[in-house]
Amino acid sequence: MDARTQEFLDQVQAGRQVETGDWMPDEYRARLIKFIEMHGNSELMGVLPERDWILRAPTLQRKLALTAKIQDEVGHCQLIYRVVEDLGKPRHQCLDDLVSGKSKFHNVFHYPTKSWGDVGVIAWLVDAAAIISQKALLKCSYAPYARVMKKVCWEESFHILHGRDTVLAMVTGTPAQFELVQEALNRWWGPLMHFHGTPIPAEEDPMYVWRIKSQGNEDARQQFLEGYVPQILELGLELPDPNLRRGDDGVWEYTEPDWDELMSVVTGHGPASQERLAFRRLSRAEVDWVAKVMLPEAA
Amino acid sequence: MIWEVFRQERKGQPFVHGGSFHAPDGAFADAYAREFYARRQESVALWIVPREAITAIEEFPDEFDLKYRRVDGYSIKERLREARERAGTASSDGAR
Amino acid sequence: MSDRARLLLELADDELILGWRNSEWTGIAPFLEEDVAFSSIAQNEIGHARALYELAARELGTDADALAFDRTLEEYRSAPLVELRRLEWARTIARHWLYETADAVRLEALKASDDPEIAGLAAKMDREETYHRIHAEMWLDRLLAAPEGRTRLEEGLRELWPYALGVLDDELRPVFVERVRARLPFELPEVEPVPRGRHEAELEELLGEMTMVRRSAPTGARW
Chain A
1 MDARTQEFLD QVQAGRQVET GDWMPDEYRA RLIKFIEMHG NSELMGVLPE RDWILRAPTL
61 QRKLALTAKI QDEVGHCQLI YRVVEDLGKP RHQCLDDLVS GKSKFHNVFH YPTKSWGDVG
121 VIAWLVDAAA IISQKALLKC SYAPYARVMK KVCWEESFHI LHGRDTVLAM VTGTPAQFEL
181 VQEALNRWWG PLMHFHGTPI PAEEDPMYVW RIKSQGNEDA RQQFLEGYVP QILELGLELP
241 DPNLRRGDDG VWEYTEPDWD ELMSVVTGHG PASQERLAFR RLSRAEVDWV AKVMLPEAA
Chain B
1 MIWEVFRQER KGQPFVHGGS FHAPDGAFAD AYAREFYARR QESVALWIVP REAITAIEEF
61 PDEFDLKYRR VDGYSIKERL REARERAGTA SSDGAR
Chain C
1 MSDRARLLLE LADDELILGW RNSEWTGIAP FLEEDVAFSS IAQNEIGHAR ALYELAAREL
61 GTDADALAFD RTLEEYRSAP LVELRRLEWA RTIARHWLYE TADAVRLEAL KASDDPEIAG
121 LAAKMDREET YHRIHAEMWL DRLLAAPEGR TRLEEGLREL WPYALGVLDD ELRPVFVERV
181 RARLPFELPE VEPVPRGRHE AELEELLGEM TMVRRSAPTG ARW
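Chains A, B and C are the protein sequences, given in the same order.
Each residue of the first sequence is one higher than the one before, counting from 1 in this note's numbering.
Each residue of the second sequence is one higher than the one before, counting from 1 in this note's numbering.
Each residue of the third sequence is one higher than the one before, counting from 1 in this note's numbering.
No lab work stands behind these hints, which were simulated from the structure alone.
Note that this is a predicted model, so its numbers are computed, not measured.
Check before you lean on any hint, since a few could be wrong.
[Said to hold, decoys possible] From the structure, some residues in chain A lie toward chain C, with a derived Cβ separation under 10 Å:
(1) Ala-30
(2) Ile-33
(3) Val-47
(4) Trp-53
(5) Leu-60
(6) Ile-70
(7) Gly-75
(8) Cys-77
(9) Gly-88
(10) Lys-89
(11) Arg-91
(12) Ser-283
(13) Glu-286
(14) Ala-291
[Stated by the list, open to error] Residues of chain C clear of chain B, computed beta-carbon distances all greater than 12 Å:
(15) Ala-37
(16) Ile-41
(17) Arg-183
(18) Pro-195
For every residue, glycine included, the Cβ atom is placed at its ideal position computed from N, Cα and C.
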């Protein structure tokens, strides 16, 4: 590592904030773009499992809340891609790479949704898992991204509440409604355990080394379990992991997730990956003429 | 075009940079600014401006260290102590 | 059912179905900024529908959700224009502009109503719709100014014109026609309106999907 890069690394590790126009090592810029782009991709792909249910929402209130939640996610994608653009990668390039499979998006958005139970579980628990990561990103060394995270965290606070409220309505409803939640939870628990990534020690995670992430993966997962397992169990729901328990030292134990499965999913082999990418490709092609007419510089 | 948005959270507060977006012209920029920075009534006012209208300034020469213009250019502790001793008003524990 | 309730349901159904159609663009609109803006328009429409259903519900002794979800196909009073399934973008804008123009005429009449509740709600809706109209006009300007945009938009307007004529009754329709003719740089044909009362096939399909979760639990279940 050359001296200038080493100095930069020492500075970010000491808490320095980096702005768009600052000199930065190529490796830092490249990792930043990849990480932030994946986040933007995830917000955009996250819309797809949920938007089918806008039509099917069982009350006007739920329909409005779900539409607003998805609207927020699209808005977050916009904010996040703008950060990537200012780092040097145009938005249309991000979209090209997303639909071609060249760039990635989070595991949870590679799975199908099957019922209104999924809608509640996703809005409550997937958003909860995401917000833990996002809160850690408030301390990202790259300041423009950290600032966007502030707005994102603030807006996402209602999502979890909406999700939990949706779940609560079902678990206090008919036995069939309760079952919808339990069944959805059984399917989503695996992806939720994968969500924060492999338990790589923070010091070995390049994202942490450069202080792009300020929290190790296992730390985030423990925070999720500590916060949400009690909330799930108190509703009378069960979790499909017989080994899940809180140790006396406060550390949660669980069946080791299949990390190969995670790798396979995020590289486009999840149950809904290809279908969703195809849908994105198609819908983008359909409106391509509009973007070209309206935003020639960004299309 | 890229537009920058400055938002005021409450009357009396300064306008703070909120973010940026693409819009074909001022009319669209107005609509999008409202959506992104005020759809939850989270701002009481917005300023929007094309990015190219903004000049960024980041280099500020300070060759001769003109500290006399700043509070940290003054260190009055010693002289104050001397003045108090002379006037007989210094307190026994040396407090200010 | 009173004329008042019938009127409220007509308005509410228009806003609900159009709001539903427009919300289908959430996540897949032509570009991200527009996606967020258009989603707000859709949410506002559903919000208007809810307020209108609530007024009708008080008179009919039911609640807004029951009116929105639990009626039979024949009981919906929406205009055929709003029932057409999610159209491609140029037609979406064409429908958006045509509907907002017709709705403006309708709201002007309702703001003058003797019924204070209806006049009050119409005034509230009209204030929010100001932004919808500005949005529709902006898009019209931009698309008309681009050759590809203008071709597609013109096509869409011609195709939807008979449906648009069916939104308003004989009394209000001429004002609407006048405003459309004054605004567009091309002629629209003389055609018969597609009237309310006949439902597009797509509406039945929409209602089926719209109610599938709700119908999966007994009436009165909480969601």
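Now the hints, each set against the structure:
1. For Ala-30/A, the shortest C-beta to C-beta distance to chain C is roughly 24 Å, which exceeds 10 Å, and the interface hint is violated.
2. The closest approach between the C-beta of Ile-33/A and any C-beta of chain C is roughly 18 Å, which is over the 10 Å cut-off, so the hint fails.
3. Checking Val-47/A against chain C: minimum C-beta separation of about 4 Å stays under 10 Å; hint holds.
4. Taking 10 Å as the C-beta cut-off, the interface hint given for Trp-53/A holds, the closest approach to chain C being about 8 Å.
5. At about 5 Å, the closest approach between the beta carbon of Leu-60/A and any beta carbon in chain C falls short of 10 Å, and the interface hint on this residue holds.
6. Restraint check, Ile-70/A versus chain C: the minimum CB separation of about 5 Å is within 10 Å; hint holds.
7. Taken as an interface hint, Gly-75/A checks out: its beta carbon lies about 5 Å from the nearest beta carbon of chain C, inside 10 Å.
8. At a threshold of 10 Å, the smallest CB-CB gap from Cys-77/A to chain C is about 6 Å, leaving the interface hint in force.
9. With 10 Å as the threshold, the beta carbon of Gly-88/A stays out of range of chain C, its nearest partner Cβ sitting at about 19 Å, so the hint is violated.
10. Proximity of Lys-89/A to chain C is violated relative to the hint, the smallest CB-CB distance being about 15 Å (cut-off 10 Å).
11. Nearest Cβ of chain C to the Cβ of Arg-91/A: about 8 Å, under the 10 Å cut. The hint holds.
12. Residue-level restraint check for Ser-283/A holds (minimum Cβ-Cβ distance to chain C is 4 Å; threshold 10 Å).
13. Look at Glu-286/A: its Cβ gets to within about 6 Å of chain C, closer than 10 Å, so that hint holds up.
14. Interface hint at Ala-291/A: satisfied, since its Cβ lies 5 Å from the closest Cβ of chain C, which is below the 10 Å cut-off.
15. Residue-level check failed: Ala-37/C sits 5 Å from the nearest beta carbon of chain B, not beyond 12 Å.
16. With a least beta-carbon separation of about 10 Å from chain B, Ile-41/C fails to lie farther than 12 Å from that chain, contradicting its non-interface assignment.
17. Arg-183/C, annotated as away from the interface, keeps every beta carbon of chain B farther than 12 Å; the closest lies near 16 Å.
18. With 12 Å as the threshold on Cβ separation, the claim that Pro-195/C sits away from chain B holds: the shortest Cβ distance comes to roughly 34 Å.
Checked against the numbered hints above, the structure breaks hints 1, 2, 9, 10, 15 and 16 and satisfies the rest.
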